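Residue numbers (this note's numbering), protein chains in the order written: chain P, 51 to 531; chain L, -7 to 79; chain V, 337 to 804.
If you are wondering where the hints come from, they were derived from the structure by calculation, not from laboratory data. It should be emphasised that the depicted structure is a prediction, and the values quoted were computed from it without experimental measurement. Glycine included, every Cβ here is placed at the ideal spot set by N, Cα and C. A few of these clues could be false.
[Stated by the list, open to error] Cβ pair distances, simulated, as ranges: (1) Asp31(L) with Ser628(V): 12 to 22 Å; (2) Glu298(P) with Asp31(L): 42 to 52 Å; (3) Asn474(V) with Asp134(P): 51 to 61 Å; (4) Asp465(P) with Ser470(V): 47 to 57 Å; (5) Glu498(V) with Ile40(L): 54 to 64 Å; (6) Gly59(L) with Asn52(P): 55 to 65 Å; (7) Asp465(P) with Thr619(V): 37 to 47 Å; (8) Ser346(P) with Asp31(L): 49 to 59 Å; (9) Ser693(V) with Asp134(P): 43 to 53 Å; (10) Ile40(L) with Thr313(P): 20 to 30 Å; (11) Glu344(P) with Glu64(L): 35 to 45 Å.
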Amino acid sequence: MNLKISALEFIEEAKNGNISVEEFVSTTLERINSVDDKLHAFLSVNDNVIEQAHNIDKKIKSGEKVGDCFGMPISIKDNMCIKDTKTTCASKMLENFVAPYDATVISKLKKQDAIFIGKVNMDEFAMGLTTEFSAFGPSKNPWNIEHVPGGSSGGSAVSVSSYECIASLGSDTGGSVRNPASFCSTVGYKPTYGLISRFGLISYANSIEQIGPLTRTVKDTAFMLNLIAGVDPNDNTTVNNNNENYLENIDSGIEGKKIGIITEMVGDGIDPEVMTATKEAISKLEGLGATCEEVSLEMVKYSVAAYYTITATEAGSNLARYDNLRYGYEMPVEGYEFNSYISKARKKFGPEVTRRMIIGGFVPSAGHAGKYFLKAMKVKSKLTKEINEAFKKFDLLIAPTVPILPFKIGEKIDDPVSLFLVDINTVTANLTGKPAISIPFKIVNGLPIGIQLMANSMNDKMLLQAAHALEKSVTLPEVPI
Amino acid sequence: MVTVEEIEHVSKLMKINVDDHSEYLEKVQTMISYFDILDSAGVESEEISMPEIPIEQLRNDEHIPFGDKLIEKMNHYKGTFVRAPKM
Amino acid sequence: MTKIGLEIHCQLTNLESKLFCSCKANYREFEPNENICPVCAGMPGSLPRLNQEAVKKATIISMALNCSTPEKIAFFRKNYFYPDLPKNFQITQLNIYGDTSVGGSGIITVGDKKIRITRIQLEEDPGRLIYEGSSSKNQITLVDYNRAGTPLVEIVTEPDFETPKEVRDFLNILSDLLKNLGVADPSLEGAMRADANVSIEGGNKVEIKNIGSFHDLEKAAHFEITRQESLHDRDIAIVQETRHWDDRRKITVSSRSKEEDLDYRYFLEGDIPWVKINPEIKTELKSKMPESISSKKERYVTKYQIPEQVADVLSSDKFYSDLFEESHSESNAKEVANIITTELMGLEDTREKRESSKLTATHLKDLADAIQSGKVSRNSSKNALHEILKTGKTVSQIISELDLGNVSDESELLKIIEKIISDESEAVDQAKSNPQTINYLVGKVMQATKGKADPTLTLNLLKKQIGI
């Protein structure tokens, strides 16, 4: 059973009865069993899926209507609620939390006969970009297990790139889908803010984050988007996409498109290998008929500081509900006073989450909001203006997804500011609400490099067409695991 | 420069019991110091903007009960109460 | 000079669902934590879904209080930890990026006085706490989230009140106004609460929280003024602080909360976009707004010649003025108003009595018509009303069953009159010399007929029989 097929290939084969869904799913479970000890992509594996797969096979055989996913095994980042399933956010604080309802993306995929094969690892509450801050241990990069897989949706990227599932849903607050996609050589997509419902996604920084698919191909991402995008009455921030079909005309190419190269994202601090790859990508795009030219977004310099200020503020508020009263772990309340109880209960948060919450208490506080939080919000506004201006001239913007190659586990964990700068190329899309995609482009010394394309709000379809064109221009080696 | 005392004060505000103060606080201090870069962004005159929704698109006023007994899935006590420490 | 400002919280009790979810707005009928869902219980991953009607009702209140209403409203998070707050932040409104709360500054007139409204904000109510355990060691708190997320408007006033009496008058007017708008029933338990800030000449402002009723609010303001004045007389500085109203001891007590607990770290609620309320919607809301109490009163006085005082009582009570509108006609309006204000309001002076009452607008109309046509005397109509409330039978049925109908049969009445004339010869003589004293004889007839004699007919017959 070949697990290395794309979602669209799987569906075609399953639909035509060429493969048995049950066999595919059980082989996938075997694959997880054999490689995940090394990779640690999964926090929990759903063993009850065989029966579901079996039933889908039966439906296919009898000609009954089957959902568009045909039993395709998908992994879900462990910050999305699946009813009656543990949803931990890779945190000790929610180690035993069982979600009482389905996230909107989950109910949409359930209707389409997707199989949720397991919940995957992440940085605790999505705060990090290496998956090292998971309370349950880091995930490993399948290209070289001494290296980080990126994060925070590290488990998603690892599970897709090492054939432990066909596709995954991650969440992207400042690059958390695109960064691990780049480090693990998968496609990673952050849609226009509001395109996908966040209902049931456990919030980290709700004003800028989005759920996004990680897949083997751009087409697979378009397919996933068709299933999960659109207005949701449960999420007031969702936008109407008029039931756009993102797969249709995906082969349109990029001839005549104008692409801006963001000066601030290809300058200081970029790894020479990454720079070389970026230049190669630009010439490929030019070869396909696009014109490329540099464009400056001055606010990018301040974007990471603004990003961390805003995300910490929202996180400080979003994570306040974890006081261990309504749900959480066993810790009797008798003998405690309210403040001392919750201050003690909240010690279960890991060090990075604790640090960010303290920052989140500090930067918007009465005496400091003017210096930090308000300025950050204003940088966000100005950056948005700048990028909107750029999109008057350009159809797309390009930069490497991450300015450096995947680094070693432990290498940067004690240096928060150097970790900050790894986010420099990804946070802009979140702060401005624009869609952005990371496309696997090159493997250098056995480590992946991804290229990021960005488009204007609601131009997700055109962005996917461009990404598909770039993707087709390269052939990459197989993951060595 | 943010002082360690200020950070300690905030951790109390955020109801976080920090055992090893110095280890946490120094890192937090480094991180916040990095944010000083915002001072040179020159954005004082910018306005803060937000997405908008027309009132017509908001939910209608209907009572739809949650199907399950949610309290049974929460920590409960004395029948259907949630238990908290003394105030 | 004493200055008192108010923050009044009023639940929008006429809504079906909560502010951010579809659980029931009226939480009063449920077992603890039976009226909750992932949204109002603050479960991970849940998002607020703003109730359109709540925004509209809050806008109507703002308009009725002559407040400005902005084009866009924004929501903010007020961050603090408390067990009745499932998210450990409250979604509320504020005016830090321009006027974005549902109502801006406005004015309401109380007697001769104008009270300035600072702003009106739409926000969620927290859950309810019950304290349990006697010794400090075993004390715990029980939490019921049924109320959490109930839509509230907070009305903030400038410190324009000078006496506790002015505060009470204002609250009465406000309460009638909210009821008249059809947005809330302030008489429901816990539906309307207020905090006050009080300062005297040369002293700092003191906030008083936790005041359970309007009655206590007046008392708390009284107490606080006296306390501050006595401090002032002894040259002791009045510190700026928050005090709690001790309901049992009827005094205010300094709160122990430290300054650090008061940093709410307000910032924009990203889960709710700014809500655009375009002018057409506002015009529509305005056109659907019920007639104001003052214009109602004026109409009653000028159109139906209802006395000022009766019109005042009737117009300020939404329930009875609605009943009046439904039951009156051009000709019986005064009579209907009279029955409602002098009899009915007294008979139905509690919620229970009003709810169990079987009276309908038709009853009221028929009864007023019966009085006017002389079918029943005003006196007997009281008994009829009693019976209507109890049984709901028709007016004509009750009049005949209880034999309340006027004696208007001439021959029957004549028999009674003849008997009285023979019994009261002295009074008859007096009436002959002084016709005004005939009223005594009319009274006698009434007595004999238990008030059912037609008064006009009686008088005419008496005059004829005596020969005056």
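Status of the given 49 to 59 Å range, CB of Asp31(L) versus CB of Ser346(P) | violated, 21 Å
With 37 to 47 Å as the target window, see if Asp465(P) and Thr619(V) comply at their CB atoms.
-> At roughly 59 Å between Cβ atoms, Thr619(V) and Asp465(P) fall outside 37 to 47 Å, so the hint is violated.
Regarding Glu498(V) and Ile40(L), is the given constraint of 54 to 64 Å on their beta-carbon distance met?
-> Roughly 39 Å apart at Cβ, these two residues miss the hinted range, so it is violated.
Do the beta carbons of Asp31(L) and Ser628(V) sit within 12 to 22 Å of each other?
-> At 53 Å between Cβs, range violated.
Whether the CB-CB distance between Ser693(V) and Asp134(P) falls inside 43 to 53 Å | holds, 50 Å
Using the beta carbons of Asp465(P) and Ser470(V), state whether their distance is inside 47 to 57 Å or not.
-> Holds, at about 54 Å.
Asn474(V) paired with Asp134(P), Cβ distance criterion 51 to 61 Å = Since Asn474(V) and Asp134(P) have Cβ atoms about 35 Å apart, the given range 51 to 61 Å is violated.
Indicate whether the distance between the beta carbons of Glu344(P) and Glu64(L) respects the range 35 to 45 Å.
-> violated, 60 Å
Go ahead and decide if the range 42 to 52 Å is satisfied by the Cβ distance of Glu298(P) to Asp31(L).
-> holds, 48 Å
Hint says 20 to 30 Å; check whether the CB-CB distance for Ile40(L) and Thr313(P) agrees.
-> holds, 26 Å
Range hint compliance [Cβ, Gly59(L) to Asn52(P), 55 to 65 Å] = For Gly59(L) and Asn52(P) the Cβ distance comes to about 41 Å; the hint is violated.
In the structure shown, a violation is registered for the earlier hints numbered 1, 3, 5, 6, 7, 8 and 11, in ascending order.
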